[in-house]
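K.L.:
So the protein lines, in turn, are chains L and V. Residues in the first sequence are numbered consecutively from 1, following the UniProt record's numbering. Residues in the second sequence are numbered consecutively from 1, following the UniProt record's numbering.
Since the hints were made in silico from the structure, they are not lab data. On a predicted model such as this, the values are computed, not experimentally measured, just so you know. Be a bit skeptical, because a hint or two may be false.
Per the computed footprint, the stretches of chain V lying under chain L, defined by three or more beta-carbons under 8 Å from a beta-carbon of chain L, are [said to hold, decoys possible]: (1) 30-38; (2) 52-63; (3) 88-97; (4) 191-203; (5) 284-293.
Note that the Cβ used here is the ideal one computed from N, Cα and C, for glycine as well.
2 protein chains.
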Amino acid sequence: MSRQMSIGAFMMRHGHHVAAWRHPDTDLLSNPFKVFREQVRAAERACLDAVFFADSVALTGAPSLEPLTLLSALAASTEKIGLIGTATTTYNEPYTVARQFASLDLLSDGRAGWNLVTSDNAAEAANFGREQHVAHADRYARAREFHQVVTGLWNSWDPDALVDDKSGELPYDPAKLHTLNHRGDYFAVKGPLNVVRSPQGRPVVVQAGSSETGRDLAAATAEVVFTAQPTLAKAQDFYRDLKRRVADQGRSPESLKILPGLFAVVGRTQAEADEKFAQLQALIEPKAGLALLGRMIGNFDLSGYPLDGPLPELPETQDGQRSRQQLLTALAQGENLTIRQLYERIAGGRGHFTVVGTAQVVADQMQQWFEQGAADGFNFMSPALPGGLDDFLTLVIPELQRRGLFRTAYAGSTLRSHLGL
Amino acid sequence: MSRQMSIGAFMMRHGHHVAAWRHPDTDLLSNPFKVFREQVRAAERACLDAVFFADSVALTGAPSLEPLTLLSALAASTEKIGLIGTATTTYNEPYTVARQFASLDLLSDGRAGWNLVTSDNAAEAANFGREQHVAHADRYARAREFHQVVTGLWNSWDPDALVDDKSGELPYDPAKLHTLNHRGDYFAVKGPLNVVRSPQGRPVVVQAGSSETGRDLAAATAEVVFTAQPTLAKAQDFYRDLKRRVADQGRSPESLKILPGLFAVVGRTQAEADEKFAQLQALIEPKAGLALLGRMIGNFDLSGYPLDGPLPELPETQDGQRSRQQLLTALAQGENLTIRQLYERIAGGRGHFTVVGTAQVVADQMQQWFEQGAADGFNFMSPALPGGLDDFLTLVIPELQRRGLFRTAYAGSTLRSHLGL
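Could you put the whole structure together from the sequences, leaning on the hints where they help?
P.N.:
In structure tokens:
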């Protein structure tokens, strides 16, 4: 069989467009679990590899559900689709994170993935007793040791440690249970974990760092990387660079899958797609546009600047948005954009690969990226829910299937199997 | 309608009897979520108020699932039954606990309960960078402030904060969102929480402390207390004492429900019940019995003492098992029990109210406790699963329903409604 794409759906409460919640079709009051359940079941019918939930340990935008509880409820509502959730290494304990993901992995029969992030904003810090967020280098050093502890704990139990033998002293073979005894700069964790392995062995590790430090961490530890790449050329550079770093770690380049985000507005005709996008763009509240842009350039308050004037000179941000800040500043200068034009440019895909068009147009672009060394697949970002996801699942996925680029049925039952890891 | 019992099912991987996993009917290898799902659905068909999961952040006994992920998966598999899980205040952050329980509460449409505990054993401490467990007084001071932060965060959103209005700047009314700004001895947490209220307003707070400090904390903060009481007289003392402390706090005594644990082995005849109990007792491995007894008297190693000799003089334990240690020492001395006889005595109910008999016998005892000021209901502890739970649900519950002591259908949809809170 020829190489196939991995495709995830990056789920957000109302969709990824900053005005998604104002779209006539979004449902503001229903139980968000029940709303997500229908969408994730649709993604499963389309044989997607996984759904993916971001996270913030503070209120940013609309309130939503916490990923581990939500994904566990979704696990009970689906059979095959992978379930990737975000948990920060900055304000959690590794025993707790290892355990909750192992538990999700076991109860879902091997479909869990952990998106390892560091926390870089002040609102999050303030919920955990800190005056300001942790410095970049310190966050990454902690993240690396955190990953070491979590994966060490996931190795507590050999796959055959549980025995169907009621004559002994314990319901498992103690020789197949391993104590971690970790002592490092940030953590001392004895172990073992009190959750056994799932059918996929251990949760899949996902990351999205794009700084130098972030890429090195990903090359050393990640199995999937989710990334924001606006153009084919930049995506190819990133792909080549990260796969090289993976090889430098002595790992096979295929052991890490690179999935750029894809913000796609899909119509049955180009005019219908354009009209759908224009409808969302027209719903942008200037304050919301400014707030989004301000967050993405390093939590800079733009409210004092004229909307139709240029982006001011910005101090270089010290937080995790540095590469995003550079990207947007270059974009504004290169195309001479006003503040309003710049936030309109990012209101949908936030700097991710963006396509507006028919299924053929979207599939052509995806195929080009996939075949020209820019991507192993994509993390689809729906403009507004549920319509934007339905369009992608019912129009683009069948087109990719016709081209032999995407599965028409799940071959296995675990996330690791879907991803070919 | 006359006063009715609240009844929960305290679920454990294989059952509460120390030899439960060795029972011929227990399932050692299946996915534990799927095993629990069948049992919890049966409890829901019998209209129980809730299922209850204990927790340990270390391996103690058989490995199992983590409560919040498990309960979320069970929420998606049931419609009405309450879902109570344990989370320690000793090794967690209040923002995280508040958020995960709020999320479970929202996705389950108002069925969550948080069993607030402190962690008192060295194995748990060693998974969180500590040489030994935190001292009793310090644990309780932290627990009280932790509760204050969690419930404060649960009040972040007014019930009507979400609005179905797409014309504004935000999908909620910012005047109905409250920032906590907590600064105390243990925590500084700004808030607000990023999860909105469920239909029951906020999760139910459950506790099980029995020390003086534990009772004071419960009187100030708990809505349900789960307690180990071996006899009617002791249960009456505890009930009277705790309800008095609740009144001293200016709370209505009905605002706290007291549910003693009930370990019941049920048969269609007394002989059948006796035989079922004897079958389990015969399966006790001496090492497992000794280990259980050692844990319950304050983590004291009894392996050097003759099984058929007396319990040695014990140093008074400094950890959370002090009241259990006193109870067991008094029992051994009062009845002149050997070590083996003592562990056999606790191998099932671990010091909880224990009844072996027909549905009539069990219901008579429950009715007596309920009507004579010892209990507002019970937390049923199944000897071995699934049989022990099935017996209780299909034999005892109908008997209680015939007596008008327990509902025959859910009147409401939330845990708070089931409990009459």
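K.L.:
Are the hints correct? Go through all of them and say.
P.N.:
Each hint tested on the structure:
{"no.": "1", "hint": "30-38", "result": "holds (count 4)"}
{"no.": "2", "hint": "52-63", "result": "holds (count 7)"}
{"no.": "3", "hint": "88-97", "result": "holds (count 5)"}
{"no.": "4", "hint": "191-203", "result": "holds (count 6)"}
{"no.": "5", "hint": "284-293", "result": "holds (count 3)"}
Of the numbered hints given earlier, the model fails none.
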